[in-house]
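Here is how the chains run, residue by residue.
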Amino acid sequence: MMIKVFTQYKWTIISILILPILFSVISIVLSDKSAEELKIPVVLVDPFNQEITGNLLEDMSINDSFIVTKAKQIPKDHLMRGEVEAVFVLPQNLKEKISSGKLQNEITWYRHERSLFDGLFKEQLASSIVKRAVRAEAANIVKNYQENANWNKVYKFGLQYLETDPIFQIQFQTIDEQAQTQNVSSDKWVFMRWLYWLIIWGMIARLTQMLLNWREQLIFERLRTLGRSKSLHHNWLLFVALLLFFITLVTSTITQYIWLETYQELAIVTDLSLVLLSIVIYFLLSTFIKTKETLWMISFTYGVVSSIVFS
Amino acid sequence: MKTSLIKKRRQALVSEINGQINKGDCISLFGPNGAGKSTLIKIMAGLLKSSKGKRVVNFTDKNPIGYVPQQIALFKGLTVRDQLKYYEKLTKPKSSEFIDEMILSLGLSSILNKKINQLSGGMQRKVNLAVGMIHQPELLLLDEAFVGVDLAAKHDMLSWLKRLNENGITIIFITHDWYVIQHLKPQMWIMDKGNMIDQVEWESVPYINLTRQSQALQKMFDVNLTHVN
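Residue numbers (the numbering used here), protein chains in the order written: chain A, 8 to 318; chain B, -7 to 221.
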């Protein structure tokens, strides 16, 4: 029966119940974005829309440290704004030039003064092109000695076991960068924690408003004549504590897992304790607070103060 | 009931009220606004404590008092059925037949599945009354429980209360409605400015000596007695 009393406020309860889902979605969206922020944006310009550009892009896609975009024109504005690390312009008839081994000064490389990692991409692109050039050269030699030989077949398999990988493999896993990545995630986790705290604080205020409403409607007065006003107070305390305990446990665990990829038990215990303590504070305040305007003013003031403390 | 005194900012709200209420009595607290009627009924309900005097009660039940406040003290989002069930579980009434009879007598059967905020003011008043009586109290305290109720609904409520009173339940109520007084035929406790002026049977009201009383009380009597005549 008590559940029915609380489910009168179904939209408040529903909005509390969707908090973990909301925070999971926000965390996933933000964490994906942060992963992309660590990738190097590079543009491969092919004004002639050649088939080999697609093959090279496929080769590049193996390494997820780059975001390689294909374009027909040089994106000068993006390059100048630093939104693109580097631009590589491919020549006309690239496939033929690779096959004939005539590749000197054919690819143009644009970069800006803050470009750092584009050299690593150049290394990878060069490796991919040289691999094709070496295979073509091998196929040409075989074809010279054996006219019956199939050029494409030799090209496909020739020398592949002797071909080397690029000297630099970009993984962005150096100790400093890993630490930096972790710091970014940790900062965002703190932000998410703060955001959750603000929302949950408001939610506790909204739930406390139930007590004020019941008092205003004289329900407690009526229960007092039956000697049962405490039972509704205790049920409120139990219901709100259980609901927010569960929601905080789930949200705290999910956000930690997404941002930190680990569980800090102490942080979870702290979150739970703060929420439970706040419920008790609001419960005690509800005895003195007469109007809902005062309640929300206290809640708002706390929100502002906690924001200043957090920031 | 002995002398009661509630002080608010050093001003007594109710003073010098002496009276005895016996089982099966029907009493109306009658007087102008600010006479101290609601304060007195709250003292009787145990919601307020008097700074002097004492309230001596002698009940046999665990939950002897049924209190129906002036406001609609109900969970607005609950259905009438859930509302009654909530108080039923809380108070554990003596018999379920009483509740069935009450629902029938007050005409609540057709609205059991409706939420309180979907009901008219009169219907809400009926539910408010039903909730106050669900545990079959020995003493029923009604603080202006008939405000805004249409005649038909009022008739249902009064008939039911009359029957309860005849069966030994004590009723004390506040009303400004002479129709209610005529129907319940109570003993009148006339109050003014926190004092009890007189205790009379309702038929004697036209013969009360009002020479010493306030203009507000005089006006109240004039209006109501004109209505009776």
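No lab work stands behind these hints, which were simulated from the structure alone.
Hints may be right or wrong, so weigh each one.
Stated by the list, open to error - Some chain A residues well away from chain B (every beta-carbon gap over 12 Å; in silico): (1) Val12; (2) Phe13; (3) Gln15; (4) Tyr16; (5) Val32; (6) Gly89; (7) Gln99; (8) Thr115; (9) Asn157; (10) Thr232; (11) Arg235; (12) Ser285; (13) Val312.
Unchecked claim - Taking lysine to aspartate or glutamate pairs in the EDC-like style, the calculated list, with each CA pair at most 16 Å apart, reads: (14) B:Lys44 <-> B:Asp17; (15) A:Lys11 <-> B:Asp74; (16) A:Lys129 <-> A:Glu154; (17) B:Lys154 <-> B:Glu130; (18) A:Lys138 <-> A:Glu103; (19) B:Lys86 <-> B:Glu130; (20) B:Lys34 <-> A:Glu228; (21) A:Lys11 <-> B:Glu80; (22) B:Lys41 <-> A:Glu113; (23) B:Lys106 <-> B:Asp74; (24) B:Lys68 <-> A:Glu223.
Note that the coordinates shown come from a computational prediction; the quantities given were computed from them, not determined experimentally.
The beta carbon of each residue, even a glycine, is placed where N, CA and C say it ideally should be.
Right, here's what the structure says about each hint:
1. Val12: violated, 6 Å
2. Phe13: violated, 10 Å
3. Gln15: Contrary to the label, A:Gln15 does not stay out of reach of chain B, its closest Cβ about 3 Å off (not over 12 Å).
4. Tyr16: violated, 7 Å
5. Val32: holds, 30 Å
6. Gly89: holds, 57 Å
7. Gln99: Answer for A:Gln99: holds, closest chain B Cβ roughly 74 Å.
8. Thr115: holds, 71 Å
9. Asn157: holds, 81 Å
10. Thr232: Given that some Cβ of chain B is not farther than 12 Å from that of A:Thr232, nearest at about 4 Å, it is violated.
11. Arg235: violated, 5 Å
12. Ser285: Per Cβ check, A:Ser285 is outside 12 Å of chain B; nearest 25 Å; holds.
13. Val312: At roughly 34 Å from the nearest Cβ of chain B, A:Val312 sits farther out than 12 Å, so the non-interface label holds.
14. B:Lys44 <-> B:Asp17: violated, 25 Å
15. A:Lys11 <-> B:Asp74: Satisfied, since the Cα-Cα distance of roughly 8 Å is no more than 16 Å.
16. A:Lys129 <-> A:Glu154: Distance of about 36 Å is beyond 16 Å: violated.
17. B:Lys154 <-> B:Glu130: Distance of about 14 Å is within 16 Å: holds.
18. A:Lys138 <-> A:Glu103: holds, 14 Å
19. B:Lys86 <-> B:Glu130: Given pair B:Lys86, B:Glu130 holds - Cα atoms ~12 Å apart, limit 16 Å.
20. B:Lys34 <-> A:Glu228: Roughly 10 Å separates the two Cα atoms, so the pair holds.
21. A:Lys11 <-> B:Glu80: Measuring from Cα to Cα gives roughly 14 Å; hence the hint holds.
22. B:Lys41 <-> A:Glu113: This hinted pair is violated, its Cα atoms lying about 99 Å apart.
23. B:Lys106 <-> B:Asp74: It holds: about 10 Å lies between the C-alpha atoms, which stays within 16 Å.
24. B:Lys68 <-> A:Glu223: Holds, because 12 Å separates the two Cα atoms, which is no more than 16 Å.
In summary, the numbered hints that this structure violates are 1, 2, 3, 4, 10, 11, 14, 16 and 22.
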